[in-house]
Amino acid sequence: MDAHPATLPPSAAPRAGIRLPGLGVGLGRGMVVLYLSLMVMLPLAAVVAESTSGGLGAFWDSVTGAQSLAALKLTVVCSLIVVAINAVFGTVIAWVLVRDDFRGKGAVNALIDLPFALPTIVAGLTLLTLYGSDSPFGLDIAFTRVAIVVALCFITLPFVTRAVQPLLMEMDREMEEAATSLGASGFTVFRRIIFPNLLPGIIAGVLLAFARALGEYGSLILISGNIPFETEVSSVFIRSQIESGNVAGASAVSVVLLAISLGLLIFVSLFARSGKHGEKKGVLTRTISRVLGRSGGVGP
Amino acid sequence: MTATKPAKWGLRTLAFGYLGLLLLAPVGMIFFKTFEHGLGPPVEAMTSPDAIHAIWLTLLMVAVAVPLNTIFGVACALLLVRHKWKGNAILDGVINLPFAISPIVVGLSLFLLYGNDGWFGPTLSEWGIQVLFSTPGMVLASVFVSLPFVVREVVPVLQEIGTEQEQAASTLGANGWQTFWRITLPAIRWGVAYGVVLTTARVLGEFGAVTIVSGSISGETETLPLFVAKAFEQFNEEAAYAGAIVLALLALTTLLLMSVGGRKAKAGASGPIPIVSDTAISTSNTKEGS
Chain Z
1 MDAHPATLPP SAAPRAGIRL PGLGVGLGRG MVVLYLSLMV MLPLAAVVAE STSGGLGAFW
61 DSVTGAQSLA ALKLTVVCSL IVVAINAVFG TVIAWVLVRD DFRGKGAVNA LIDLPFALPT
121 IVAGLTLLTL YGSDSPFGLD IAFTRVAIVV ALCFITLPFV TRAVQPLLME MDREMEEAAT
181 SLGASGFTVF RRIIFPNLLP GIIAGVLLAF ARALGEYGSL ILISGNIPFE TEVSSVFIRS
241 QIESGNVAGA SAVSVVLLAI SLGLLIFVSL FARSGKHGEK KGVLTRTISR VLGRSGGVGP
Chain L
1 MTATKPAKWG LRTLAFGYLG LLLLAPVGMI FFKTFEHGLG PPVEAMTSPD AIHAIWLTLL
61 MVAVAVPLNT IFGVACALLL VRHKWKGNAI LDGVINLPFA ISPIVVGLSL FLLYGNDGWF
121 GPTLSEWGIQ VLFSTPGMVL ASVFVSLPFV VREVVPVLQE IGTEQEQAAS TLGANGWQTF
181 WRITLPAIRW GVAYGVVLTT ARVLGEFGAV TIVSGSISGE TETLPLFVAK AFEQFNEEAA
241 YAGAIVLALL ALTTLLLMSV GGRKAKAGAS GPIPIVSDTA ISTSNTKEGS
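In the order they appear, the protein sequences are chains Z and L. Count the first sequence with the working numbering and you get residues 1 to 300, in order. Count the second sequence with the working numbering and you get residues 1 to 290, in order.
Derived from the structure by calculation, the hints contain no laboratory data. We put the beta carbon where it would ideally sit given N, CA and C, even for glycine. Be aware that one or more of the hints could be misleading.
Pairs of lysine to aspartate or glutamate residues, derived as DMTMM-like cross-links and limited to a Cα-Cα distance of at most 25 Å, are as follows [claimed, not checked]:
hint: 1; chain 1: L; residue 1: K86; chain 2: L; residue 2: E164
hint: 2; chain 1: L; residue 1: K230; chain 2: L; residue 2: E220
hint: 3; chain 1: Z; residue 1: K73; chain 2: Z; residue 2: E230
hint: 4; chain 1: L; residue 1: K8; chain 2: Z; residue 2: E177
hint: 5; chain 1: L; residue 1: K5; chain 2: Z; residue 2: E170
hint: 6; chain 1: L; residue 1: K230; chain 2: L; residue 2: E44
hint: 7; chain 1: L; residue 1: K8; chain 2: Z; residue 2: D172
hint: 8; chain 1: Z; residue 1: K73; chain 2: Z; residue 2: E243
hint: 9; chain 1: L; residue 1: K8; chain 2: Z; residue 2: D100
hint: 10; chain 1: L; residue 1: K230; chain 2: Z; residue 2: D134
hint: 11; chain 1: Z; residue 1: K73; chain 2: Z; residue 2: D134
hint: 12; chain 1: L; residue 1: K84; chain 2: L; residue 2: E36
hint: 13; chain 1: L; residue 1: K230; chain 2: Z; residue 2: D140
hint: 14; chain 1: L; residue 1: K230; chain 2: L; residue 2: D50
hint: 15; chain 1: L; residue 1: K230; chain 2: Z; residue 2: E243
hint: 16; chain 1: L; residue 1: K5; chain 2: Z; residue 2: E174
hint: 17; chain 1: L; residue 1: K230; chain 2: Z; residue 2: E176
hint: 18; chain 1: L; residue 1: K5; chain 2: Z; residue 2: D100
hint: 19; chain 1: L; residue 1: K5; chain 2: Z; residue 2: D101
hint: 20; chain 1: L; residue 1: K5; chain 2: Z; residue 2: D134
hint: 21; chain 1: Z; residue 1: K105; chain 2: Z; residue 2: D61
hint: 22; chain 1: L; residue 1: K8; chain 2: Z; residue 2: E243
hint: 23; chain 1: L; residue 1: K5; chain 2: Z; residue 2: D172
hint: 24; chain 1: L; residue 1: K86; chain 2: L; residue 2: E36
hint: 25; chain 1: L; residue 1: K230; chain 2: L; residue 2: E36
hint: 26; chain 1: L; residue 1: K5; chain 2: Z; residue 2: E230
hint: 27; chain 1: L; residue 1: K8; chain 2: Z; residue 2: E170
hint: 28; chain 1: L; residue 1: K84; chain 2: L; residue 2: E164
hint: 29; chain 1: L; residue 1: K8; chain 2: Z; residue 2: D61
hint: 30; chain 1: L; residue 1: K8; chain 2: Z; residue 2: E174
hint: 31; chain 1: Z; residue 1: K105; chain 2: Z; residue 2: E170
hint: 32; chain 1: Z; residue 1: K73; chain 2: Z; residue 2: D61
Some chain L residues well away from chain Z (every beta-carbon gap over 12 Å; in silico) [stated by the list, open to error]:
hint: 33; residue: F99
hint: 34; residue: G128
hint: 35; residue: Q130
hint: 36; residue: L256
Could you put together the complete structure from these sequences and hints?
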């Protein structure tokens with residue numbers, strides 16, 4: 001938002017560099033870049049360098065080794081199943097939170113962010129308590145692939161809901177009313193009007209959830225059993241490679257994970273910025289920035 | 001569309017059923033398991049030397065990582081929003097990186113830098129500085145994973161408040177620091193507070209990255225999440241559940257702060273910005289002689 005120049009006296013021509021206090025813009029920028037480089041860029045550069053330390057051939061062999069390939073496949077397939085489940089339930093929950101009215105709505109809305117706030121190891125432990133060998137329901141899914149899906153559902157639950165909620169809130173109800181008055185059934189209204197309006201949010205939420213699921217570790221180690229070729233996801237595989245001294249192999253698989261998530265992240269932000277969604281563009285960009293920020297501030 | 005009654009109840013059932021089975025029941029179950037035999041066992045488990053050390057170390061992580069990332073976050077957000085620069089797009093992308101990276105990869109990256117065969121490891125250990133398997137490495141891991149939160153919360157607030165008040169202040173003779181302390185910071189305070197809450201929650205619960213760089217030595221390099229995992233793997237369920245409850249309570253506090261802070265942050269961004277009278281600025285100007 002720019003200031004209105006007309007309302008300012010002529011002497012108030014914006015002075016350059018007054019808003020970052022003291023340090024001066026150049027110095028401040030230098031510090032910020034230095035901090036980011038030391039904390040983030042340099043460590044990641046080390047992973048990329050290590051992954052190709054034995055040449056590209058060794059990199060390829062590490063990634064396509066039977067065990068690492070099995071782990072990658074399992075990770076991707078489980079993550080796909082999970083985002084499909086959460087796309088449906090996330091949208092339903094968003095709908096109930098925005099359009100429905102019931103007592104304790106504020107509490108339920110706050111609860112959605114629990115997976116963001118709860119440490120992942122605690123998430124794994126709680127799920128194991130309920131769905132493990134001591135399950136009060138007699139549902140023992142510990143050390144199976146189902147357990148991986150359940151844990152990832154827990155971890156990625158808020159993404160779609162939080163991405164869809166603001167779109168649903170800003171949706172123009174007149175379109176729906178018009179459709180209904182013209183004789184459209186509830187399902188038709190949903191399919192032709194509501195769903196297309198929510199789709200950008202669902203897609204953004206799904207992509208972010210997928211990126212999160214790919215790298216998940218803490219919630220899985222207790223409940224998945226970490227059995228190679230069976231229930232070993234990529235992050236667990238990387239850990240086992242580090243421990244057995246195959247750091248280059250661990251780095252190679254890390255680079256693959258890194259590339260996928262990075263690609264998704266770039267795609268999501270381009271998707272949000274693209275002009276396709278008309279006036280929804282602003283809402284979506286804000287939403288993604290908020291969901292990325294693990295935010296819960298979109299209550300009804 | 002006002003949903004018909006059966007549709008409405010159907011959707012409610014789906015939403016509540018899913019939330020109940022996935023979120024509420026497991027978390028409720030762990031509270032039940034912990035306090036099954038009264039308050040005694042969990043309290044005892046949490047007052048063992050290892051547990052107390054784990055809590056202390058976890059708080060130390062928060063005490064170092066949160067202020068660092070808060071100062072960085074506010075400065076970085078100011079640069080991104082208030083100062084056009086060609087590199088801003090890249091800066092913005094790099095800040096998001098920690099969100100996209102598996103915590104295990106974060107741990108591995110630090111291992112590669114500071115390990116015995118790492119880029120910096122040998123030099124640092126010559127100087128007598130041990131980063132890996134000790135506190136500095138764990139702090140670096142915590143800083144890495146929690147880096148984006150404050151930036152991501154402050155950027156939208158800064159965009160929303162605009163620059164009119166800041167320009168007015170500088171017209172009236174305030175210097176950069178005065179404008180920042182009296183105008184900008186009060187206006188973005190809820191955004192900052194919200195970011196701090198999220199950063200704290202992330203640091204408290206970090207497991208994957210810390211597990212690689214810490215070596216998880218009981219009573220030495222074990223934070224509370226590592227303590228929980230280890231206790232569970234050693235079939236010390238009481239200690240595992242007690243530690244998990246402490247973390248879960250911290251998470252519930254976070255949620256509470258999030259829902260309060262989120263509302264305030266929203267209101268703060270669009271609501272009135274505190275008015276600073278011109279006399280306040282001019283008097284402080286003369287006082288500080290700037």
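Checked hints:
Restraint check for K86 of chain L and E164 of chain L: satisfied, since their Cα atoms lie roughly 24 Å apart, inside the 25 Å limit. Our distance criterion of 25 Å between C-alpha atoms is met by K230 of chain L and E220 of chain L, whose separation comes to about 13 Å. A C-alpha spacing of about 11 Å is found between K73 of chain Z and E230 of chain Z, which places the hinted pair at or below 25 Å, so the restraint holds. Distance restraint check for K8 of chain L and E177 of chain Z: the Cα-Cα separation of roughly 17 Å lies within the 25 Å cut-off, and the hinted pair is therefore satisfied.
Taken as a hint, the K5 of chain L and E170 of chain Z pair is honoured in the structure, with Cα atoms around 24 Å apart against an allowance of 25 Å. Distance check on the hinted pair: K230 of chain L and E44 of chain L sit about 17 Å apart at the alpha-carbon level, within 25 Å; holds. Of the supplied pair hints, the one linking K8 of chain L and D172 of chain Z holds, its CA atoms being roughly 20 Å apart against a limit of 25 Å. In summary, the hint linking K73 of chain Z to E243 of chain Z is supported, as the alpha carbons are separated by about 22 Å, within the 25 Å threshold.
Note on K8 of chain L and D100 of chain Z: the hinted pairing holds, with a Cα-Cα distance of about 8 Å set against a maximum of 25 Å. Restraint check for K230 of chain L and D134 of chain Z: satisfied, since their Cα atoms lie roughly 19 Å apart, inside the 25 Å limit. Simply put, K73 of chain Z and D134 of chain Z have alpha-carbon atoms about 30 Å apart, too far for the 25 Å limit, and the pair is violated. Distance hint between K84 of chain L and E36 of chain L is unfulfilled; the C-alpha atoms sit about 59 Å from each other, more than 25 Å.
Distance check on the hinted pair: K230 of chain L and D140 of chain Z sit about 22 Å apart at the alpha-carbon level, within 25 Å; holds. The suggested pairing of K230 of chain L with D50 of chain L holds, with an alpha-carbon distance near 11 Å, which does not exceed 25 Å. Proximity of K230 of chain L to E243 of chain Z is assessed by CA-CA distance (about 16 Å); at most 25 Å being required, the pair is judged to hold. At roughly 21 Å between alpha-carbon atoms, K5 of chain L and E174 of chain Z fall within 25 Å of each other, so this suggested pair holds.
With a CA separation close to 54 Å, the supplied pair K230 of chain L and E176 of chain Z exceeds the 25 Å bound. Between the alpha carbons of K5 of chain L and D100 of chain Z the distance comes to roughly 11 Å, so the proposed pair stays at or under 25 Å and holds. Proposed proximity of K5 of chain L and D101 of chain Z is supported: the alpha carbons are some 13 Å apart, at most 25 Å. The hinted pair formed by K5 of chain L and D134 of chain Z fails the criterion: a straight-line CA distance of about 39 Å is larger than 25 Å.
Restraint check for K105 of chain Z and D61 of chain Z: the C-alpha separation of about 52 Å exceeds 25 Å, so the hint is violated. Using a Cα cut-off of 25 Å, the hinted pair K8 of chain L and E243 of chain Z is violated, with the two alpha carbons roughly 52 Å apart. Taken as a hint, the K5 of chain L and D172 of chain Z pair is honoured in the structure, with Cα atoms around 22 Å apart against an allowance of 25 Å. A distance of roughly 59 Å separates the Cα atoms of K86 of chain L and E36 of chain L; the hinted pair therefore is violated under the 25 Å criterion.
Between K230 of chain L and E36 of chain L the alpha-carbon distance is near 21 Å, which keeps this suggested pair within the 25 Å criterion. Taking the CA atoms of K5 of chain L and E230 of chain Z, the gap is near 45 Å; set against the 25 Å cutoff, the hint is violated. A hinted pair counts as satisfied when its Cα atoms are at most 25 Å apart, and K8 of chain L with E170 of chain Z qualifies at roughly 20 Å. Between K84 of chain L and E164 of chain L the alpha-carbon distance is near 17 Å, which keeps this suggested pair within the 25 Å criterion.
Distance restraint check for K8 of chain L and D61 of chain Z: the Cα-Cα separation of roughly 54 Å exceeds the 25 Å cut-off, and the hinted pair is therefore not satisfied. With a C-alpha separation of about 20 Å, the suggested pair K8 of chain L and E174 of chain Z falls inside the 25 Å cut-off, and the hint holds. Pair hint K105 of chain Z plus E170 of chain Z holds up; C-alpha atoms about 19 Å apart against a cutoff of 25 Å. The suggested pairing of K73 of chain Z with D61 of chain Z holds, with an alpha-carbon distance near 16 Å, which does not exceed 25 Å.
Its closest Cβ contact with chain Z, about 6 Å, brings F99 of chain L to no more than 12 Å, contrary to its assignment away from the interface. Against the 12 Å criterion, G128 of chain L stays outside the reach of chain Z, whose nearest CB is about 20 Å from its own CB. No Cβ of chain Z approaches the Cβ of Q130 of chain L within 12 Å, the least distance being about 17 Å, so the stated non-interface status holds. Listed as a non-interface residue, L256 of chain L fails to keep its Cβ farther than 12 Å from every Cβ of chain Z; the least gap is roughly 7 Å.
The structure is inconsistent with the numbered hints 11, 12, 17, 20, 21, 22, 24, 26, 29, 33 and 36, although it conforms to all the rest.
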